[in-house]
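Protein sequences, first through last, are from chains A and B.
Once you know that position 33 of the first sequence is 33 in our numbering, the rest is easy, because the numbers rise by one and skip nothing.
Once you know that position 239 of the second sequence is 239 in our numbering, the rest is easy, because the numbers rise by one and skip nothing.
Just to be clear, a hint being listed does not mean it is correct.
What the hints assert, rightly or not - Lysine to aspartate or glutamate pairs mimicking EDC-like chemistry, simulated, CA-CA at most 20 Å apart:
1. K116(A) - E133(A)
2. K155(B) - D178(B)
3. K155(B) - D89(A)
4. K78(A) - D118(A)
5. K116(A) - E159(A)
6. K155(B) - E133(A)
7. K155(B) - D118(A)
8. K155(B) - D91(B)
9. K78(A) - E159(A)
In short, the hints are calculated from the structure, not lab data.
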Amino acid sequence: MGSEQGPVLAIRHAAVAYERAPVVEDVDGTVSSGQSVALIGPNGAGKSTLIRAVLGLLPVVRGSIEVLGRSPEAARPKVAYVPQADTLDPEFPVSALQVVLMGRYRRIGWVRRPGKADRAAARSALDAVGLAERASARFGTLSGGQRQRVLLARAIAQEPRLLLLDEPFNGVDAVSQELLLAALQRLRAGGAAVVMATHDLGLAHLACDEVCLLNRHQVGFGPIGTTLTPELLRVTYGGQALELRGDAVIVAKP
Amino acid sequence: MTELLVDPFRLPYMQRALLEVVLLGVLTGAVGVFVVLRRLAFVADALTHTVFPGVVIAFLLDRSILLGALAFGLLTALLLAGIGANRRVGDDAALAILLTSFFSLGVVLVSRTRTFASDLTAFLFGRVLTVDRADLVQTLVLAVLVLAVLAALRKELVLRAFDPAGAVALGYRTVVLDLVLNVLIALVVVAAVKAVGTVLVLALIVVPAAAARLLVDRVATMAALAGLLGAAGGWLGLAVSYEVSVGYGVRLASGATIVVVLVALFLVAASVAPLRRLAAGRQGPATLAARGQRERR
């Protein structure tokens, strides 16, 4: 498999369309094993669209997106997606462990039930996010931060090579944030690549070493220290970015 | 108590009726769990009406009512999957159009018969006391088929109900899963047509599952409890309608009595559920504090 040598995610001059109209264009960059990239840009910049394209759910109309040297659809079993916890119904009758087991479903296959190995993997994933003791709690009884950790555990249980996260730190308490960051760090140490859409520049600094600035097209892609600059942020956010003591600060409309 | 619950069922036709409603109760309870969790009650409602012309056509042509209902149930499941794609019309409007047009077609057809009123009543509310051995076999076959598919696909159906975006991201084709569930609902409606009619089957699908939803926190226990409630409601409803009709000379329609009993069970569940939550909440804060400490360590 030549894909083991190359980047986990290779985006080459890609444009992604939603219902025929291109939403985001000129995206170009690679993410290697162990690397973590923050997708930063205002609402409607195309962050979620790009993530959906990497999942193979939206068409790439120009350029290309390759995951592990294959098409996004073909690579899907090796890609895990972590949604925002508050998009899920808190009243749904599933336990935390059952949610984590969902990450194993493709591996388990149709008809069969989760086996011993799957349960062990799910338990160790819950342990990795500090929720081993809440395995049998109903998902909705957990705090917002704990739910987000359960969803990360589900992705961990999938044993992905590429992890995609949509605003993973929204409404997350400090304890959960620490545990999420630690778990992400361990995943990267294990060789997974991480791409996360986020509004939080501080957390982007903590969790990522690369950044992709987006506003309908790519404004910059590179190491966070040289790319997350006040100048480029101003270009990305337009009038919404302002400067305080040399640091760029984003002021999003409420 | 045995007078009410056992004695009526010494009669062969009552035995067949009991077997039929218990089978249907288990079946509708299991599929009802997914109807309630996916919020598909209106889809189920539409299906109960759209099989109606199939029933009438089969009756007029002297063919199997089951096959007539099956044809229109499957047609509806397919049309629903297709119409769902058109955003401008919207799911609810499309459902209403489908429901009313098919149902009207059925009424127009049945109004051509001489025994119009009694035929219509039979189709809408069923005749559980006239269920024969062949009907029972048909219900059993459909029940085994539907329960087997539900058991085989339960983890995917639960995932799709809980987290549709996650299911898609994992590579599942939710359109196919949705079509399968719609077909299963159609099959359940078809199985119940003769016994409880096309209208009351909706109660059998939704009410026990909704009651179970109030009481338990796992999909598997919810399915078991919904099946149990459905079967118990069927049994009790039949017994009550027999007792009142025979013992007191007031004719109670059996299908409708079953529904009334089911709703009564739902009301009991609805009044018990807050008490249970209260009891759970009382021990809650202490355990929460302990958890908080563990987490800080």
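Results for each hint:
1. Proximity of K116(A) to E133(A) is assessed by CA-CA distance (about 18 Å); at most 20 Å being required, the pair is judged to hold.
2. The straight-line distance between the Cα atoms of K155(B) and D178(B) is roughly 14 Å, inside the 20 Å bound, and the hint therefore holds.
3. The hinted pair formed by K155(B) and D89(A) meets the criterion: a straight-line CA distance of about 17 Å does not exceed 20 Å.
4. For the proposed pair K78(A) and D118(A), the alpha carbon gap of about 16 Å is at most 20 Å, so the pair holds.
5. With a CA separation close to 16 Å, the supplied pair K116(A) and E159(A) stays within the 20 Å bound.
6. With a C-alpha separation of about 23 Å, the suggested pairing of K155(B) with E133(A) is violated against the 20 Å cut-off.
7. Annotation: proposed proximity of K155(B) to D118(A) holds, straight-line Cα distance about 14 Å (limit 20 Å).
8. For the suggested pair K155(B) and D91(B), the alpha carbons sit about 25 Å apart, so the restraint of at most 20 Å is broken.
9. A C-alpha spacing of about 7 Å is found between K78(A) and E159(A), which places the hinted pair at or below 20 Å, so the restraint holds.
Hint compliance for this structure: hints 6, 8 are broken, all remaining hints hold.
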